Amino acid sequence: MKETIIGIMREIAAESGNELVQELDETTVLLESGLDSLGFAILVARLEEELGYDPFSMMEEPVYPRKLGEFLDIYRKYAR
Amino acid sequence: MMANSFSELLCGFKGEHRCLSTPQGVVTLGELMNAAYSFRSRIGLYSSSRIALCGLAPVDLLTAFLAFDGYVSAMLLLPAGVDALTTAMLIAESGCTCRVDSLHGSPEMLGVGDVEESFAVPGKETRWILATSGTTGVPKLVEHTLATLSRTVKRDRVRGAEFVWGLLYDPCRFAGLQVVLQALLSGSTLSIPKAGGVSAQIESFLSDGVNALSATPSLWRKMLMTERIGELSLRQITVGGETADQVILDALKFRFPEARIVHIYASTEAGTAFAVQDCRAGFPEEWLENDSIPVGLKVRDDGHLLIRSYKFPSGNEVAGRIDADGYLDTQDLVRIHDGRVYFLGRASGSINVGGNKVNPEEVENLIRQIDGVIDVRVFGKKSSMLGQIVAAEVVAEADIDRQELKRVLIQRCRSVLDSWQVPAFISFVQELTETAAGKRERIS
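Protein sequence lines, in the order shown, are assigned to chains A and B.
Sequential numbering from 1 applies to the first sequence in the working numbering.
Sequential numbering from 1001 applies to the second sequence in the working numbering.
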């Protein structure tokens, strides 16, 4: 899961000419990772194609993640 | 009866009222009024003057509103970032006689017959001309007055004194003006945040004690991803500019259980039509064709939402969209389900990426010029983060390297378009599907 997400993040960054921070780990703050909010929207939409679900359209507890770790947890929680 | 001017409406407040809180410090109403008075006196205008306000910083813009509303024929509000050519076209189209780029230098008098009717004295119903944030291409002009802009603004000064509004929108745009007018006319303080990203803005709001905020769903989602948003003691949350989905309404309610959450339906052309306060997406079906609510609402057979209001702004753009019964075509498509009216998207197919509109034809035209592309369809793909994002289906020549074509396509789009207009999803198809009416399907 983590590799999939980071892989897609790199792909989006490359397409949009942005650079991701060197060390991406669970404590990375999403808005400081190098992707902007458009990049995130694309990430969530591509993950939906890849994984078949979008946790942000199905959350029971509607919270938005701040760190990459929280983002991963949300995807793990809703994994089918 | 002559409507009161902006400065007249503010006369009832004390001079020491803390009107604005800016990164440079507090500006009292007295200071703002004095700045407006001296600016108006210094530049000497006629009541027939039409003034283009070009890219002024928020405090200067508010000073100009106070200086000119009620005194001159019209003000054209142009945000910073409008390119020089578009600015020149809009100034010409609106017949402006004078251009103001800064409150400090001299305004530029334009040689288009400033008829010397009389020096500017109060009593004029000044036109506030807004440029729609419309799809790409040339913005359209919509003429408001202070009365049409402030039609739904609450004027309760007792409650108003309890609020500090944060300004996240451009105050030249309709949504930004709503925040400005709501704050100023009800005696709240308006916090103008420091420039920079959303985290910097939230820092400003925290130090100014902001408790009321208006933003698009996309911006709210972004703010909810920041560290310190939860420290704001929000009592009023306004969501507008794009369709508010249930998830963002729930997320806001979850994070700010004490706040009153309202999603509003408004546009530059129609003004504020209605506000929904039950924290549910869409609006109640019983509001349709209901005489007990202030605006008339109905759904045309083709699914367009129509609205009727007492005070529509003027201008060709609006006039051309009003039918014989006085209803304005919002060009928003809706669907009625289970007693609720939900928004589906724009009838024009225009794509709304987090409040930024994209004209699919424009992107298609660009892509069609690329070698190896036979045809293309650009459409909005649903996004839980930004409402919609741009997707493209491409019919490519048979023997072409698709990976390479995709790379070229993204590169070409990126070099010409804004980032949100560049297709984020590109797929290759054998042929494009058309709707029954022979139109391109625009909503996925």
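Take these hints with a grain of salt, some might be off.
[Unchecked claim] Straight-line Cα separation of at most 30 Å, DSSO-like style, residue types lysine-lysine; simulated pairs:
#1 K67(A) / K1382(B)
#2 K1311(B) / K1357(B)
#3 K1381(B) / K67(A)
#4 K1140(B) / K1406(B)
#5 K1253(B) / K67(A)
#6 K77(A) / K1381(B)
#7 K1140(B) / K1253(B)
#8 K1298(B) / K2(A)
#9 K2(A) / K1381(B)
#10 K1124(B) / K77(A)
#11 K1406(B) / K1382(B)
#12 K1194(B) / K1154(B)
#13 K67(A) / K1194(B)
#14 K1140(B) / K1124(B)
#15 K1154(B) / K1381(B)
#16 K77(A) / K1140(B)
#17 K1381(B) / K1357(B)
#18 K1406(B) / K1298(B)
#19 K1194(B) / K1298(B)
#20 K77(A) / K67(A)
#21 K2(A) / K1140(B)
#22 K1253(B) / K1124(B)
#23 K1406(B) / K1381(B)
[Claimed, not checked] Which residues of chain B face chain A? A partial, calculated answer using Cβ under 8 Å:
#24 R1221
#25 M1225
#26 E1227
#27 A1251
#28 S1350
#29 G1354
#30 K1381
#31 L1386
#32 I1389
#33 E1393
No lab work stands behind these hints: they were computed from the structure.
This structure is a prediction, so every number in the text was calculated from the model and none was measured.
C-beta: ideal position from N, C-alpha, C; glycine also.
Status of each hint after checking the structure:
no., hint, result
1, K67(A) / K1382(B), "24 Å, holds"
2, K1311(B) / K1357(B), "26 Å, holds"
3, K1381(B) / K67(A), "26 Å, holds"
4, K1140(B) / K1406(B), "34 Å, violated"
5, K1253(B) / K67(A), "21 Å, holds"
6, K77(A) / K1381(B), "25 Å, holds"
7, K1140(B) / K1253(B), "36 Å, violated"
8, K1298(B) / K2(A), "48 Å, violated"
9, K2(A) / K1381(B), "25 Å, holds"
10, K1124(B) / K77(A), "62 Å, violated"
11, K1406(B) / K1382(B), "21 Å, holds"
12, K1194(B) / K1154(B), "27 Å, holds"
13, K67(A) / K1194(B), "24 Å, holds"
14, K1140(B) / K1124(B), "24 Å, holds"
15, K1154(B) / K1381(B), "37 Å, violated"
16, K77(A) / K1140(B), "47 Å, violated"
17, K1381(B) / K1357(B), "13 Å, holds"
18, K1406(B) / K1298(B), "43 Å, violated"
19, K1194(B) / K1298(B), "42 Å, violated"
20, K77(A) / K67(A), "15 Å, holds"
21, K2(A) / K1140(B), "46 Å, violated"
22, K1253(B) / K1124(B), "44 Å, violated"
23, K1406(B) / K1381(B), "18 Å, holds"
24, R1221, "6 Å, holds"
25, M1225, "5 Å, holds"
26, E1227, "6 Å, holds"
27, A1251, "4 Å, holds"
28, S1350, "17 Å, violated"
29, G1354, "7 Å, holds"
30, K1381, "6 Å, holds"
31, L1386, "4 Å, holds"
32, I1389, "5 Å, holds"
33, E1393, "14 Å, violated"
In terms of the numbered hints stated before, the structure departs from hints 4, 7, 8, 10, 15, 16, 18, 19, 21, 22, 28, 33, listed from lowest to highest.
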